[in-house]
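Student: Those sequence lines, one after another, are chains Y and E. In this text, residue positions in the first sequence follow this note's numbering: the first is 1, and each later residue adds one. In this text, residue positions in the second sequence follow this note's numbering: the first is 1001, and each later residue adds one.
The hints are all genuine.
With a straight-line Cα cutoff of 20 angstroms, these simulated SDA-like cross-link-like pairs (lysine to any residue) come out: (1) E/K1006 x E/R1032; (2) E/K1012 x E/G1195; (3) E/K1006 x Y/Q64; (4) E/K1006 x Y/A60.
What follows is a set of in silico ranges between Cβ atoms, one per label pair, in the way DEER data are often shown: (5) Y/Q10 x E/R1135: 37 to 43 angstroms; (6) Y/N78 x E/R1104: 17 to 23 angstroms; (7) Y/T21 x E/D1101: 43 to 49 angstroms; (8) E/P1137 x Y/D49: 22 to 28 angstroms; (9) Y/L14 x E/L1004: 41 to 47 angstroms; (10) Y/I18 x E/K1012: 42 to 48 angstroms; (11) Y/I18 x E/V1023: 15 to 21 angstroms; (12) Y/T21 x E/P1022: 28 to 34 angstroms; (13) E/P1022 x Y/G15: 16 to 22 angstroms; (14) E/L1004 x Y/I18: 39 to 45 angstroms; (15) Y/D24 x E/A1068: 41 to 47 angstroms.
Hints in this document: simulated from the structure, not taken from any laboratory. C-beta: ideal position from N, C-alpha, C; glycine also.
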Amino acid sequence: MLVLTRKQHQSLFLGDSIRITVLDVRGGQVRLGIEAPRTLSVVREEVLDDLALSNQEACASAAQPASACLESLAEAINQRA
Amino acid sequence: MRVLTKRFGILKIPPESIWDFPVPLPGFPRSRRYVFLEDERIHPFVWLQSLDEPEVAFVLLEATLIDAHYAPWLPEGDLACLELPPGSQPALSVIVTVPADPARAWANLRAPVAMNVYRRLGRQVILQDERLSFRHPLMLAGDGPASVSARAGLSTRVGVSARGGREATGDAAAASEAVLVGEGISAREGDCRVGSHPQATPEPVLR
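The task is simple: from the sequences and hints, build the whole structure.
Tutor: Here it is as structure tokens:
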């Protein structure tokens, strides 16, 4: 891991097109400004962790042998169309 | 190739059915290869079965079946690994979770699975739009949640089939199925078909 220290208002560049600026530092929180092409996704780590949990929950629910539940849900969806 | 799966037993997978998820699904870093399994009884749901981990499988649904206007903005950088032709959009499916009460089933609209159905490449994309829910309820008020729970009553009343709309003669078979299901053994092994993907139409032929 590359470790840098920045003060408020200082920034750093990642490659040619990504710039991260420390906007504000107070109360144990750092406010970051991110300038990057719209093509690049920016995700908070906890969102990724939540997604991992959500996927694991989905997988666990899929492991239950409840085909009848899926069938009745499928019926309901097909009847909507 | 033959692959062991927890839910479907041993499957014969034609190599041309194998999907690659170059960026693994969050939470499942060891699974990169998957196959889609179709079972007409649960259509339009499909199974996404991992070939790298036998116990890993997900229920997927085409996103437009939940919201016909589902067309979220997708970050191009995330789509690069799908190798889509310029200007074309990926197919989008969502992962479905079915809890103990099936009427509460939900779909993850915030992180759909984006797919290049012709190259069989897929990845899950996290969207920024916070109006899209990680837990979007599948059932609408008009679907009659009570009927969904009643019809799926096998999980609580082993031996009793509450399948509304099915032939009465199916009840005996359904009852024995219910016992097998209750014992944790899927009575459906061998009934699933390895599919391409519901949204895959035949590739256009260049002449």
